[in-house]
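Enquirer: Build the full structure now, drawing on both the sequences and the hints.
Sequence lines, in order, name chains H and G. The numbering of the first sequence is this note's numbering, which starts it at 1 and goes up by one. The numbering of the second sequence is this note's numbering, which starts it at 305 and goes up by one.
None of these hints come from the bench; they were simulated from the model. Computed from a predicted model, the values in this text were never measured in an experiment.
Just the calculated beta-carbon pair ranges, DEER-fashion:
id	chain 1	residue 1	chain 2	residue 2	range
1	H	Lys211	G	Lys504	48 to 58 Å
2	H	Gly198	G	Arg386	33 to 43 Å
3	G	Arg491	H	Asp168	28 to 38 Å
4	H	Lys301	G	Ala519	51 to 61 Å
5	G	Val357	H	Thr147	46 to 56 Å
The C-beta atom is built at its ideal place from N, Cα and C for all residues, glycine as well.
So the chains spell out like this:
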Amino acid sequence: MKVLLIAEYRDGKLLASSSELSNFAQTLNAESAMLLIGTEAALPAYDGTLYLADIAQAGEFNPSVHKQLILDVIAKEQPQLVVLPHSSYGWDLAPRLAIALNAAQVSEVVEVKEGELIIPACNSKLRRRVKPETEISVVTLQAGAFTPSEEPSGSPTVIKLEATPNGDIQFNGYEAAEETDVDLSKAEVIVSAGRGIGKPENLEIIEALAKALGGEYGASRPVVDAEWAEHSRQVGTTGQTVSPKLYVACGISGAIQHLAGMKKSEFILAINTDKDAPIGEVADVLAVADLKQLVPILTEKLSA
Amino acid sequence: MKLLVCIKQVPDMESKFKVNASGNWYDMADLAWRMNEYDEYAVEQAVQLRQQVADSDLTVLCIGRDQVKETMKKALAMGCDRGVHILDEASEQKDSYAIATLIANFARDKGFDLIFTGLQSQDRGSAQVGVMVAELLGLPSLTTLVDFSCADGVVNAKRELEGGTKAKVSCSLPALVTCQLGLNTPRYPTLPNIMKAKRKELLTIPAAELSPPEARLKTLSMAPPEKKGGGLILEGEPAELADKLIQILKEKTTVLA
Ligand SMILES: Cc1cc2nc3c(=O)[nH]c(=O)nc-3n(C[C@H](O)[C@H](O)[C@H](O)COP(=O)(O)OP(=O)(O)OC[C@H]3O[C@@H](n4cnc5c(N)ncnc54)[C@H](O)[C@@H]3O)c2cc1C
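Expert: And the structure:
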């Protein structure tokens with residue numbers, strides 16, 4: 001089997017997902033080649049052929065140009081799988097490639113089992129074993145699912161590509177995340193509120209528990225989206241990544257995008273009414289309870 | 305301006321899921337159903353644009369069994385003008401490509417200026433359908449939007465990237481956009497609007513009339529994940545639970561020292 005790996009580069013940096021791509025190829029025992037639309041100054045540690053197109057020429061975010069560059073390399077390499085990270089870059093580009101190639105697309109692979117691809121369903125409460133029916137397929141990998149155990153080494157054999165600028169989407173620059181004074185990454189204890197708090201007033205009991213434990217309070221995305229907490233409190237892929245000594249997840253289901261931001265915490269306590277909530281996968285203790293009852297009692301006993 | 309918003313009915317993710325008899329999907333019985341969360345943002349954005357632009361018309365489209373009409377009624381009550389229900393008794397057996405083809409076959413030649421979809425559905429989470437519809441129709445598509453405006457035939461938007469950075473992007477109409485959580489604040493339908501929605505046109509088209517293709521991706525099986533972590537599950541009275549938790553925190557962590 002032959003796979004083509006599409007590395008991701010953004011704003012002057014090669015993203016770490018490139019090592020997950022090559023590790024995935026190794027998991028499959030597949031021959032691989034890599035394509036990077038980036039710069040020569042930031043090449044991945046990779047043993048093999050690397051097709052390199054210059055980001056300045058191709059455009060930092062230009063799906064039409066990136067798609068064409070990838071299709072050109074596919075024509076040369078004839079892979080059976082085209083592999084991208086399941087990121088804002090990958091999930092944007094993958095369906096464009098799948099349609100152009102008449103290929104099946106497999107999103108967010110978490111595991112390869114007996115040569116078959118496994119993907120999550122229903123907020124990771126279920127897993128789907130899937131089979132592409134096409135000769136070539138496009139797959140994206142869940143962030144962190146194929147992290148290599150060792151830092152990759154090696155230096156690629158570079159083949160340069162020329163990009164022809166075109167496309168119907170204009171990229172007008174980046175906007176950085178807002179700067180704020182809360183730095184969750186420094187807190188030893190974080191108590192986070194999820195949608196399970198039900199209403200903004202209940203954030204107070206979360207804050208009180210955080211205080212009783214000498215920590216900060218955090219939040220899952222719906223709480224931030226509803227403007228019950230500021231964005232700097234958000235834990236997850238599109239917020240902060242934290243690894244405190246204790247993380248208490250209150251009314252948080254445990255979506256992969258939340259887990260990505262807190263699963264490296266030393267000790268995880270989850271409080272949830274749903275015994276099957278996926279947060280149970282990473283929690284050291286899952287207390288099956290209504291947070292509105294348990295959290296205040298816990299705070300009271302801790303403060304006594 | 306002609307607008308289309310595509311929505312999906314999904315089970316509440318807090319449901320207890322069981323696998324169906326064929327072992328290749330979740331059992332659809334005894335579940336609470338609702339509008340896919342991402343699509344609520346798509347409907348809200350489409351309704352806002354509909355209200356902003358004079359002489360515009362907003363169609364809501366949904367594929368699935370007869371029961372999806374309940375969810376479509378919510379979208380009509382939020383402010384869509386008309387509904388198109390693509391009746392498919394087994395849409396869960398179609399892959400994203402087949403679903404996207406049905407939508408594209410419906411939308412082709414209808415002259416939609418802008419199509420809205422959610423970034424992804426909560427049950428499959430593939431994030432494929434929207435972009436595939438656009439590619440099949442030859443339209444530009446902007447994905448993962450957390451900010452949107454449209455004026456003078458141009459969409460100006462912000463895509464959300466990892467870590468909270470945003471990319472500012474734009475394209476000309478006709479186009480398709482996929483909506484991310486937090487794009488806006490979806491409205492709750494008011495009672496008068498719920499009543500009004502009952503009189504709105506809701507057309508049903510059998511999926512077979514839209515030339516559904518063979519799925520390119522087959523689901524071999526579905527199952528709960530194997531439990532990896534040996535995490536402790538505690539149940540009981542809150543006061544007892546609190547005592548146990550404090551005991552555990554004292555033993556296993558240093559934060560109470
Ligand atoms: C590209 C992308 C990026 C994302 N980035 C992030 C991110 O950075 N951070 C993030 O958090 N999410 C992120 N998300 C969203 C993520 O997918 C989930 O939607 C989100 O994490 C869900 O938040 P939640 O667990 O609070 O809510 P839900 O999933 O709705 O879970 C609520 C939980 O509360 C429990 N509950 C309800 N009532 C009670 C009660 N009384 N007592 C105790 N428990 C109760 C329920 O059983 C349930 O498990 C992102 C999604 C995408 C697509």
